[in-house]
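*Asks:* Chains A and B, in that order, give the protein sequences. For what it's worth, UniProt numbering labels the leading residue of the first sequence as 1, then goes sequentially. For what it's worth, UniProt numbering labels the leading residue of the second sequence as 1, then goes sequentially.
FYI, nobody ran anything at the bench for these hints, they're computed from the structure. Note that the Cβ used here is the ideal one computed from N, Cα and C, for glycine as well. Please note that the accuracy of each hint is not assured.
Quick partial rundown of chain A residues pointing at chain B, CB under 10 Å, derived from the structure [to be verified]:
(1) 220
(2) 508
(3) 509
In silico negatives: residues of chain A with every beta carbon more than 10 Å from chain B [stated by the list, open to error]:
(4) 216
(5) 350
(6) 376
(7) 420
(8) 466
(9) 629
(10) 644
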Amino acid sequence: MSQTQIETPSPTTTQAQPAHVLKPERSRLGLMRPDHSKSVFIDWLTTVDHKKIGIMYGAIALFFLFIGGLEALIIRTQLIIPENDLITAQRYNQLFTMHGTTMIFLAVMPLNSAFFNYLIPLQIGARDVAFPRINSLSLWTFVAGALVINFGWLLQALEMMGLFAASGPTAGMTDMVPAGGWFGYAPLTSKDYTGVGTDFWVMGLQILGVASLSSSMNFIVTILNMRAPGMKMMRMPVFTWMSLVVAFLIIFAFPAITIALGQLMFDRVFDTNFFNVAGGGQPILWQHLFWIFGHPEVYILVLPAMGIISEVLPAFSKKPLFGYSIVVFSGAVIGFLGFAVWSHHMFTTGLGKVATAAFSLLTMAIAVPTGVKIFNWVGTLWGGRVRFTAPMIFSLGFVWMFMMGGFSGIMHAAAPADAQQQDSYFVIAHFHYVIMGGIFLALVSGIYYWVPKVFGKMWKGTLSNWVAVLIVVGLNVTFFPMHFLGLLGMPRRTHTYLEGFGWASYNMVCTIGSYILALGILLLLVDLIRCLRSGEPAGDDPWDARTLEWATTSPPQVYNFAQTPVIPARDALWVHKHGPENKKITYEADHGHGIHMPSNSWMPLIASVGFVPLGLGMTLMQAGVPYMGYVAIFGLIMITIGLILWAIEGPGGYHLHPEQENT
Amino acid sequence: MSENATAHQDDGHASLIIDNKKLLMWLFLGSDCMFFGTLISTHLIYRKLYPESFDPTTLFSLELTSFSTFILLMSSFLMALAVSAMHKGELKSFRRNVLGVIFFGLIFLGCQVYEFAHFVHAGLTLSTNTFGSTFYMMTGTHGVHVAIGVFWLICMYFYSHTGKMDAHESAVDVEIAGLYWHFVDIVWIVIFTAVYLIEFI
């Protein structure tokens with residue numbers, strides 16, 4: 001992947017071109033920069049290349065997808081028959097809490113982030129993101145947060161192996177895995193009801209918030225400021241547009257949950273009264289703050305998926321996206337409305353008639369831009385020359401399955417109906433159709449579409465058809481009966497149920513479906529590994545695609561484009577291939593000083609790693625483990641030192657001179 | 001915090017006119033608005049919910065807080081002078097003004113520490129009631145912002161002695177620190193109005 005520079009200058013070259021000789025330079029600190037490291041390990045740890053960071057995001061996201069899936073399978077296995085005692089009720093609580101948290105924050109969001117990182121600079125013709133080192137900070141901070149959230153599982157595993165016991169100095173460390181549900185409603189998360197697991201959850205989410213916020217700001221600057229000449233806003237690929245909307249959603253939505261988590265932390269550590277009923281606190285405040293974040297979060301998850309669909313459908317219909325500007329516009333409208341519907345999660349809390357009616361109406365209104373998008377996708381397919389390739393099959397699956405989730409969503413929008421459906425399996429069915437049937441299928445579609453670009457290898461054979469069949473059948477068999485379960489009154493988060501409730505057969509079907517789904521995902525991984533190990537070379541543009549990322553090599557060189565492209569039109573590559581002569585992509589002449597590349601750096605990694613002792617120290621200090629306050633202070637110092645050295649070190653950079661035929 | 005991936009902004013990129021770093025700071029401030037918005041609205045909601053439970057007018061010293069507000073406002077003035085000095089490359093004037101900002105920032109923090117200590121002595125702690133919880137967390141978060149700003153400016157002051165700062169390279173960095181400082185100042189104006197002054201109406 002990284003054999004990019006011209007590293008071997010022949011000593012006999014008569015040209016005085018020392019720029020070819022790429023040796024690590026010293027930074028302003030006097031330290032060696034970790035550029036051009038011989039060690040692959042150091043190179044990936046310190047990389048600022050958006051493509052490597054994207055690949056790492058993707059790999060970690062797939063790992064957590066696996067973990068979250070495993071948790072789901074245990075949940076489903078517990079529910080397969082009435083009065084099953086595979087796991088205890090407490091373990092069940094931990095599993096559904098961590099399943100939700102893992103899937104949303106550690107699987108889908110980073111998988112989205114993987115696509116953002118890899119694709120945005122390529123789609124807008126930039127060398128890298130605006131702030132490559134902040135990008136590296138985002139990645140490693142995300143890893144630190146994931147570690148803190150999952151630390152309870154590690155301790156639990158150690159306890160099972162007999163290597164750790166909650167006694168002596170660690171006596172306070174009971175209930176080590178978060179068990180308050182993924183939205184952690186107060187007062188269940190207070191000290192009276194949950195143990196140190198909730199602290200891990202609070203700290204972990206705070207750290208993940210740092211990662212999400214920094215990367216979102218980075219992407220907004222990248223998209224607004226780093227576009228190649230001619231890449232006007234309304235010429236940008238839709239995926240980049242949707243990423244821009246998502247980044248704005250993140251920077252305005254995450255503060256609400258960060259403060260809410262801070263208040264919860266203060267309640268637990270300093271006995272404040274934010275959600276403490278005895279002291280006058282109102283648990284409903286948590287619900288408002290959480291869903292002011294939580295509902296935009298839904299669109300944070302789904303808009304990139306819609307972006308992917310808007311790339312794949314035109315590419316395999318041989319037509320431009322139907323109504324490009326209206327698709328972009330409705331994406332932005334969804335973003336705006338996403339901030340105005342949070343209370344539809346709280347219809348049963350007694351908001352009052354006016355508020356309930358308003359939020360009900362706004363929630364129905366949000367179906368309009370979503371419907372507009374669906375019709376535009378159908379319009380794209382209409383009369384197109386449709387090719388049923390793997391990405392296309394998953395994208396078509398998205399349109400169908402996402403619509404199913406959307407329909408039950410509209411049912412929730414009606415407050416009286418929602419009052420019946422609240423906290424039943426009907427809700428579970430709804431959001432799993434949206435997330436599994438919608439977002440996940442779109443992400444798989446994106447994986448099938450862009451892996452040939454990322455790794456330069458083509459998919460082998462038709463295993464993808466089996467993947468598609470198993471996943472779509474699996475998710476329908478799993479989640480469709482849940483509608484009926486909900487209407488039959490099965491509450492969500494039920495550890496077990498009795499024989500006579502009439503839920504047994506549906507639950508059996510759901511569980512069987514989840515195994516089919518798991519098999520499909522396993523097969524997806526097999527297909528991916530097969531492709532990476534022995535796929536044929538893909539070539540630059542294997543799908544006959546439309547957007548700029550396919551104009552460069554597969555995999556792209558470290559500098560993305562040897563010369564900066566000048567963009568003549570929307571769907572630049574398609575117009576370049578099939579359009580008139582005066583609409584070709586041209587390339588700016590090299591100024592003669594080569595390509596300026598940012599230098600690798602240790603500092604983001606150091607600052608990010610500091611979040612681990614900070615997070616763990618603060619949580620364990622709260623549990624009464626001695627000396628943990630010092631660990632937290634150590635973490636804080638580490639972060640500060642990392643940031644200061646980062647500032648002093650300077651961005652650095654070196655120049656590359658690609659061979660001319662690379663262009 | 002000088003970072004810019006592609007140094008060649010003259011490549012003719014289709015970009016906004018605003019500098020990358022400055023845009024990043026604006027976005028951060030936009031996000032920060034939501035942080036303070038959440039904190040202030042939490043405070044106001046609980047204040048409205050329990051109007052009788054606690055009377056802060058017995059505790060607040062309007063004279064002291066007006067003084068520290070004035071000091072913070074003046075520090076913003078000096079910050080503007082420091083930014084302007086850096087744009088002209090007048091390093092000496094920059095240092096003098098930045099020292100002034102740091103000094104005023106420290107006075108503000110000192111007033112806040114005194115105020116907190118005074119309130120705690122008078123019996124208002126984090127866990128006394130919802131007023132204590134929201135008040136300390138909100139003003140504390142603001143205080144942390146001021147402290148980070150002071151720390152940042154101290155770093156900048158020392159950095160200006162290394163000879164690596166000049167109008168061409170560093171004006172934008174100073175300007176960004178200035179944006180941050182002004183924002184923190186504005187937030188205080190909102191808190192001063194919505195939390196302190198309003199109680200005396």
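*Asks:* For every hint, state whether the structure bears it out.
*Replies:* Do the hints match the structure? See the list:
1. Taking 10 Å as the C-beta cut-off, the interface hint given for residue 220 (chain A) holds, the closest approach to chain B being about 6 Å.
2. Look at residue 508 (chain A): its Cβ only gets to about 45 Å from chain B, farther than 10 Å, so that hint breaks.
3. For residue 509 (chain A), the interface hint is violated, the least distance from its beta-carbon to any beta-carbon of chain B being 43 Å, above 10 Å.
4. Not every C-beta of chain B lies more than 10 Å from that of residue 216 (chain A), the closest at about 8 Å, which undercuts listing it as non-interface.
5. The claim that residue 350 (chain A) lies off the interface holds: its Cβ sits roughly 15 Å from the closest Cβ of chain B, which is beyond the 10 Å cut-off.
6. The non-interface label for residue 376 (chain A) is consistent with chain B: the shortest C-beta to C-beta separation is roughly 25 Å, beyond 10 Å.
7. For residue 420 (chain A), the non-interface assignment is confirmed: its Cβ lies about 30 Å from the closest Cβ of chain B, beyond the 10 Å cut-off.
8. The claim that residue 466 (chain A) lies off the interface holds: its Cβ sits roughly 42 Å from the closest Cβ of chain B, which is beyond the 10 Å cut-off.
9. Residue placement check: residue 629 (chain A) keeps its beta carbon more than 10 Å from all beta carbons of chain B (closest about 18 Å).
10. For residue 644 (chain A), the shortest C-beta to C-beta distance to chain B comes to about 7 Å, within the 10 Å cut-off, and the non-interface label is violated.
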